[in-house]
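Given chain A, put chain B in place with the hints provided.
Here's the letter readout for the chains.
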Amino acid sequence: MPTPEVHHLFHNPIADHSFSPDKSTLAVARDSNVELYQKSGNKFSLTDELKGHEKIVTGVDIAPNSGRIVTCSQDRNAYVWERTPSGWKPTLVLLRINRAATFVRWSPSEQKFAVGSGARVIAVCYFEEENDWWISKHLKKPIRSTITTLAWHPNSVLLAAGSTDSHARVFSSFIKGVDTRPEPSAWGERLPFNTICGEFLNDSAGWIHGVSFSPSGNALAFTGHDSSITVVYPSAPEQPPRAMLNVTTRLLPFNSLIWNGENEIIAAGHDCEPYRFGGDESGWQLTGTIENKTGPGAGSAREESALHMFRQMDLKGQTQADTQLKSTHQNTISTVRVYEETNGVLSKFSTSGVDGRVVVWTI
Amino acid sequence: MSQLNYRTINIDVLDPDSSINFPMDTLLPATLPPPTTSSAAASVASEVRQLLRGGDPEGALRHVLDTAPLGGDDRAKEVHLAAVTEVLQGIRQGEMSRVLEGVCTGDGGAERADCLMKYLYKGMASPVSGAGGAQSPRKSVSPQGTGFSQIQGRNLGEGGGGQQMSVLLSWHEKLVELVGTGSIVRVMTDRRTV
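Residue numbers (this note's numbering), protein chains in the order written: chain A, 1 to 363; chain B, 364 to 557.
Simulated from the structure, these hints should not be mistaken for lab results.
A few of these clues could be false.
[As the list claims (entries may be wrong)] Listed below are the simulated EDC-like cross-link pairs for lysine to aspartate or glutamate, each with C-alpha atoms no more than 16 angstroms apart in a straight line:
(1) A:K55 - A:D31
(2) A:K141 - B:D380
(3) B:K537 - B:E464
(4) A:K348 - A:E5
(5) B:K485 - B:E540
(6) A:K140 - B:D380
Bound-form chain A, shown alone (with noise of 0.2 angstroms):
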């Protein structure tokens, strides 16, 4: 496989990441800010800072047509940035939460977007024209602790979130005069706002670090804390889903998972590198490692003088240096990202981590 694209930014951990559909802006979570940088041939130089964050920010995230950035913060505020002549200008979005907010997604209509946060709530937002800002309603009902992650069914109007009460659970966001209504699926036929559409829970819990819808929508991976993924089909609504598949792993727990196609899943985490999984209704198993590890790590040994080895050994205690990992992330990913797709099939993926770098890698 070819060679991953690799931009180490800065060394400060990415809470998040996201891509501007033409890929040519690339905007991250650092610290309290959001920086935006631009591709100047094939590297990515910074252009812009989005400063309002008290806090720091937690999630990011371009919707892809509008253009619109939104971020939100441990300062309990999420904005929502509009480019104008005269530089990037935010808009305060009326969260109501008193916890910090965690995630923050676009829905695929860009009406809406979803903030988890740990005041044990999402808030949906969507824009209010008479009074011109962004105002949300909450999503409360069985939710006992942080919402850690969302994801959002093509349609819009589903929404999957995480939590740190090591529960999965799907649920309707469907707001009257912004979306319109879903067509009947698996997950329900009758959708006013709040409906649990599926609330899931794994036999070694776990806190939940990412969730996925599949392309379809008709199926719901996530992953948590006991290093394991978990694969929901659901049957009806109402009913036990068709299949619960849970693939536990000998590897450090995953933080993110996506999709590519309905037959495979990437998952990345504290392992520092992305691992694929693959299955289908009767049964998912891990296949392997996205990264060909013989490649970099290896290939950096370097000739060894007998003077160098007895001066590391003097200065160091050991001969050679194995301060650097073998993958191509030097530390947690936190966040998996489709980067380029064609009917849910992946061809490139981007990850970004704690060690300060974006990865785009070609599948």
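Chain B in isolation, oriented as in the chain A frame:
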């Protein structure tokens, strides 16, 4: 008339939003086996002892892990822990790898491996679970009132506890080699405690 000392009230208990009041039973999956009693655990222990005496350590370990009282009360769990410890101590160092491979592969092998890891950590956490549960739990003695007992710590290193600990540690090493770090992480997340 008693004066109420407001500074000693644990206000977290009174706050419904506090993490202390989190309903832990919501983390238990629906597939939890029905509760077992300590007498059931004791009968498992005698079955296991027979298997062990009959020269089938693999079968003994497999059986004792399959019958773990995930839904049992504390007493049943204690009795079962003693049985597991007995099996682990009854298997020779040289046989460990072979037995583990047998137990942790095949149908349900991953669950057995996770279950064994839970017992290893539980065994290492409880200082007094001697062989066969013969010793009664000692009261922790804390002369300085700091909650930290030096006496007990010293006994651990020299007495039978130290030997048990080394057995558990060598099992731990072998098990991690076989099933990886994921199993350790699951010990921390899993609420189906042993």
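Hint check results:
Under the criterion of a C-alpha separation no larger than 16 angstroms, the hint pairing K55 of chain A with D31 of chain A is consistent with the structure, at around 7 angstroms. Straight-line distance between C-alpha atoms of K141 of chain A and D380 of chain B comes to about 14 angstroms, which keeps the hinted pair within the 16 angstroms bound. For the hint linking K537 of chain B to E464 of chain B, the alpha-carbon distance of about 10 angstroms falls within 16 angstroms, and the restraint holds. A hinted pair counts as satisfied when its Cα atoms are at most 16 angstroms apart, and K348 of chain A with E5 of chain A qualifies at roughly 10 angstroms.
For the hint linking K485 of chain B to E540 of chain B, the alpha-carbon distance of about 19 angstroms lies beyond 16 angstroms, and the restraint is violated. Distance check on the hinted pair: K140 of chain A and D380 of chain B sit about 14 angstroms apart at the alpha-carbon level, within 16 angstroms; holds.
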